[in-house]
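Those protein sequence lines, which keep their order, are chains H and S. Note that this note's numbering has the first sequence beginning at 1, numbered continuously upward. Note that this note's numbering has the second sequence beginning at 1001, numbered continuously upward.
The set of hints was computed from the structure by calculation and includes no laboratory data. Among the hints, a few may not be true.
Said to hold, decoys possible - Non-contacting residues of chain H with respect to chain S, defined by C-beta distances greater than 10 Å in every case (computed):
| no. | residue |
| --- | --- |
| 1 | Pro-32 |
| 2 | Gly-33 |
| 3 | Arg-97 |
| 4 | Leu-153 |
| 5 | Glu-160 |
| 6 | Phe-167 |
| 7 | Pro-196 |
| 8 | Glu-200 |
| 9 | Ala-202 |
| 10 | Ala-204 |
| 11 | Ile-310 |
| 12 | Glu-313 |
| 13 | Glu-319 |
As the list claims (entries may be wrong) - No farther apart than 20 Å at their CA atoms in a straight line, the calculated lysine to any residue pairs in the SDA-like style are these:
| no. | chain 1 | residue 1 | chain 2 | residue 2 |
| --- | --- | --- | --- | --- |
| 14 | S | Lys-1034 | H | Glu-309 |
| 15 | S | Lys-1008 | H | Pro-317 |
| 16 | H | Lys-337 | H | Arg-308 |
| 17 | S | Lys-1034 | H | Ser-119 |
| 18 | S | Lys-1034 | H | Pro-317 |
| 19 | S | Lys-1013 | H | Pro-301 |
| 20 | S | Lys-1034 | H | Glu-313 |
| 21 | S | Lys-1008 | H | Ala-213 |
| 22 | S | Lys-1008 | H | Arg-305 |
| 23 | S | Lys-1013 | H | Glu-313 |
| 24 | H | Lys-337 | H | Arg-305 |
| 25 | S | Lys-1008 | H | Arg-243 |
| 26 | H | Lys-337 | H | Pro-301 |
Note that CB positions come from ideal geometry on N, CA and C, so glycine has one too.
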Amino acid sequence: MAAPTGATRIFQVHPLRTCNLRCLHCYSESAPGQRERLPAEIVWEAIASAAKEGYDVVGFSGGEPLLYEPLGELLGAARRLGLRLSVTTNGMLLDERRVGWLSGGNCLVAISLDGQPESHNRMRDSPRAFEAMQERLPLLREAGIPFGFIFTLTQFNSNELEWIAAFARDQGAQLLQVHPLDVIGRAEDSLGDAAPDAHELAVAFVETMRLQAEAGDGLTIHFDLLDRDFLAENPAAFFATSRPADASSCPFAESISPLILEADGTLVPLGHGFPRAFALGNLGASPFSELVRDWRATREPEFRRLCREIWEEAREPAEWPFMNWYSEVRQRAANWKMPGEATGKSGKHHVRKRDGKLARHALRRSHRSA
Amino acid sequence: MATKTKSKTGSAKLAREGRGFSATDIRALVAVLKKYKLSKDIIINGKPQLDFIKGRFTTRDSAAVFAVLRSVIKLGGRQKGIIILPNGQPPIIDRFDVEIQGISA
């Protein structure tokens, strides 16, 4: 079965909200002073559970994941499970030791890039962000680690796409992902009017097509917009069908991808900060499998109803042939009236940390079996 | 530091560089590219200026060629100097070299 993530099933982990930067558009409001972070044992237990549930890609983000000391060990353990990996970073903290964490194959490094140096530094609120990142790219190239760039498209920067694509190509990047700004997290205060409107999305759409043609096969440019026809023709891929009768025996990755683990231990569908009414719950209080079981019994039917509404609207004639599906789902979920019986465990706030002993054993077992 | 007020949109900056589209033009262009599902197949070599499609694109739908061209001509305001060279093998001509003459990249 397809999913918004295509054939892959992605488990996205935000192990911490500590960051060396305080970016204007940060959806997780990460910053140097943020101390929220997950114990490695909880992260590992979640990854191992996610793998059992059919997730085949684990992405680390944050916060700045290179500030998370257990990252290297977790990447190694996940690699031994056969998972594909990605690490999203601002690139400023790459050094030989951390590049060592990323080495070993199966790992794509995604570096945030917000435009030409001046624009990048303004968005990153740091005068040296671009320079520091660029200086460190040779470390990745020399280590043979594949990398790409993630560009946040705003209302004001589609004109920088050409420069970005040329920079990506010159640096030897394999991927350029263009992601429309979500006005969530810190962006709500600092970039409230900067989400690209339909016209800017259309211009960027044409620009990315042209730039992809110029770049050829060496660089893949991916634009995070959904073709409305594709959505209309593939309701199951976008959770717009009723839950299959045998769903409970299917891996959970067939129900939700991407699945997100936030730095406070909360599991949510689709994206960081997704409305809590649809959260699976908190790993500090209940094991992964229990949260999955509970979500399937309570919130999944509502989640599918919500997605069904969007799908039905996508079939109607529209001004533009594409849509920002993730943003649409998030906005609708924030205003969704959840029936009382569907709240499950997501409505509760769990703060109790579970004993990580079992997970520590699991981590050691993984090492021994490698 | 917020970039909230009085910023020019990205498309306005492109227009200032001579690479912009009006709202009507961009709608027409996106519609035609989408209608013929060219987003995966089209190869555009020119800049998005008057020569927007100067080069080659691939499609199995010959109607797409004319629909795209109509859109391009309208965008460029040009009515002349267009050559279409089908390169595919008969009976299916699936590749077209398109050149809008006299307009440099």
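Okay, the hints, checked on the actual structure:
no. : hint                   : verdict
1   : Pro-32                 : holds, 17 Å
2   : Gly-33                 : holds, 18 Å
3   : Arg-97                 : holds, 33 Å
4   : Leu-153                : violated, 8 Å
5   : Glu-160                : violated, 7 Å
6   : Phe-167                : holds, 17 Å
7   : Pro-196                : violated, 8 Å
8   : Glu-200                : violated, 6 Å
9   : Ala-202                : violated, 5 Å
10  : Ala-204                : violated, 7 Å
11  : Ile-310                : holds, 19 Å
12  : Glu-313                : holds, 18 Å
13  : Glu-319                : violated, 8 Å
14  : S:Lys-1034 x H:Glu-309 : violated, 23 Å
15  : S:Lys-1008 x H:Pro-317 : violated, 30 Å
16  : H:Lys-337 x H:Arg-308  : holds, 15 Å
17  : S:Lys-1034 x H:Ser-119 : violated, 31 Å
18  : S:Lys-1034 x H:Pro-317 : holds, 14 Å
19  : S:Lys-1013 x H:Pro-301 : violated, 45 Å
20  : S:Lys-1034 x H:Glu-313 : holds, 18 Å
21  : S:Lys-1008 x H:Ala-213 : violated, 27 Å
22  : S:Lys-1008 x H:Arg-305 : violated, 39 Å
23  : S:Lys-1013 x H:Glu-313 : violated, 33 Å
24  : H:Lys-337 x H:Arg-305  : holds, 11 Å
25  : S:Lys-1008 x H:Arg-243 : violated, 46 Å
26  : H:Lys-337 x H:Pro-301  : holds, 13 Å
Checked against the numbered hints listed earlier, the structure breaks hints 4, 5, 7, 8, 9, 10, 13, 14, 15, 17, 19, 21, 22, 23 and 25; every other hint is satisfied.
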